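Participant: The hints should help you fit chains B and C onto chain A, whose structure is shown.
Residue numbers (the numbering used here), protein chains in the order written: chain A, 1 to 267; chain B, 1 to 210; chain C, 1 to 105.
Among the hints, a few may not be true.
To be verified - Only some residues are given here: those of chain A computed to face chain B with a beta carbon under 7 angstroms:
(1) Tyr166
(2) Arg168
(3) Arg188
(4) Arg233
(5) Pro235
What the hints assert, rightly or not - Stretch-level coverage of chain A by chain B, calculated; a stretch enters the list once three of its residues show a Cβ under 8 angstroms from a Cβ in chain B:
(6) 172-186
(7) 236-244
The set of hints was computed from the structure by calculation and includes no laboratory data.
Here the structure is a predicted model, which is why all the values come from computation and not from measurement.
Just so you know, even glycine gets a beta-carbon here, dropped at the ideal spot from N, CA and C.
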Amino acid sequence: MRIGTCVAAMAIALWGGGAFAQDSTAKAIQEYRDALQDGNPAELWEIKGEDLWKQPRGPNKVSLEKCDIGLGPGVVKGAYARLPKYFKDTDRVDDLESRLVHCMVSLQGMSRADATRRVFGGPGAAADMEALVAYVTSQSKGVKMNVAVGHPKEREAFEMGQKVFYYRGGPHDFACATCHGEDNKRIRLQDLPNLTNQKDAQRAYTTWPAYRVSQGELRSFQWRLYDCFRQQRFPELLYGSDLSVALTMFLARNANGAAYAGPAIKR
Amino acid sequence: MKKILIPAFMALMVFASFGAQAQTRSPVGAQVGDIEAMRELMRGFKPNGQAGLSRLVQDEAQQFCSDPGWTRDKARISAIEKQQLADVKFPADGKFLGNWQAGERVAQSGVGKQFSDNPGQPSGANCYACHQLTPQELSFGTIGPSLRNYGKTRGNTEAIQRYTYAKIYNSRAYSVCSNMPRFGHSDILTEQQIKDVVALLLDPESPVNK
Amino acid sequence: MADPMRIRAQIAGDKVEVRVLMSHEMETGQRRDNNGNIVPAWFIQNVTVNHGGRTVMSAQWGPAVAKNPFVHFRFSGGKVGERVSVTWTDNRGDKRTDEAAIIAG
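Just chain A, same shape as in the assembly:
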């Protein structure tokens, strides 16, 4: 038996103790991030999501290939870079996930409860929704973010999102802005993007959804917000709610002009 050169194995553990000084810590984290770039398991979700998109599902046994996520029925390429946006048929602003739920209900005939039963994956059970999100977002790779606020409801969502961003509450008095309102801050060793600064906002938004190595899951943008609010000590963010879409609108709009780069891979 001939054995080929096994060049690099897989991404294994995180850095061990922490027995090195700050500069080398930052450098080691960067090296770790670089090492992760090749072989992003997000691709596994993309493949599964494409299959789910094309598969006849739900009581109506139809695929999502007639689903209009903003650029017309079935158009996936570049659609994510323009979301959230106002949709005439629902008379509301939708993000990708709330729009996918809409299509599952209106096209595939699922109940809203069924469509949203498992939106975030956990150990041993990945979520179909996160796979669909991975597929759709992967089709906007390299496309410039171009989120409009021309419609009054889009403008309203943006302003609502901005208000939520600065809204302090809960037992810890936290707002999004507490952690994401100043340049060059970090929690423990994790760098925090300042989402009020265009460059940081662009880099942050265009790298979600992402495969989180520490969780072994592909995480959607709704998950990102859900988990931020959990740590903010707020109640549970309602999946696809107007408020969640509004905050997404504020953050997506601030990323305009940057090339979309997800699904990415993060620690």
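Facilitator: Relative to chain A, chains B and C alone:
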């Protein structure tokens, strides 16, 4: 009884919070708009375990600091700071210094008050998330200032002990829109835990001062 | 049944460069669930890569390999259009095989 009280309390808070704005803007429109925004906010969440919707109701300090332009209103800054300082409950035994080793454990722990946390377990203060403290811990955040040598540079007088206790109990008493949670005011830490963190900062034996 | 692998095999100079992503939990047997119970070990033990009837790479893995593993290696003697097949077997006896055609560099 509790069920009736909470919405009534919420409505009161909404009017109290937004009342001040209504005076400076077009009276009726602004007030209605802001209450609508608050309702909209509540519609975006659902209660989960210990994290109920009442957590979204702001007190005066939270409401004041949610406006990015808060720095302009000097009169209200000092009024709220005064009110927050009056809220500090000092230890009945008059002692501020606990055990620094226990304080280090509180400083390291980030659990508490999240809907994913067990409400039966004590909360941590998660000091290291934002501050540098002991030289041994390299994994510290930078949202707050470094507290390395906190006691060494300030001394360990009773006045400093008292100030440090109050700052942890209610950070807003000294800086109205501080990013730091009000650990005593909001029942995050117990009196003993606060004393232990004070010791971590001030005890000459604490690694913070070595 | 396990989800499909993602396999890319591409000519690189005089060799074929192969990248494989596998979908697997890779439980170490050390982790506890929310109730404090040990989650049983569940990981890929053997990986075999075949090309034209011969094994070009084989590996024995343990629980130290991360969830959703990524393998990257090169072998000699492959041509565009020929197929590379990858098989893994885990400690529960589950097995999965996927294949891909070699593409030009």
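Participant: Run every hint past the structure and note whether it holds.
Facilitator: Status of each hint after checking the structure:
no.	hint	result
1	Tyr166	5 angstroms, holds
2	Arg168	4 angstroms, holds
3	Arg188	5 angstroms, holds
4	Arg233	5 angstroms, holds
5	Pro235	4 angstroms, holds
6	172-186	holds (count 11)
7	236-244	holds (count 7)
Violated hints are absent here; each numbered hint is respected by the structure.
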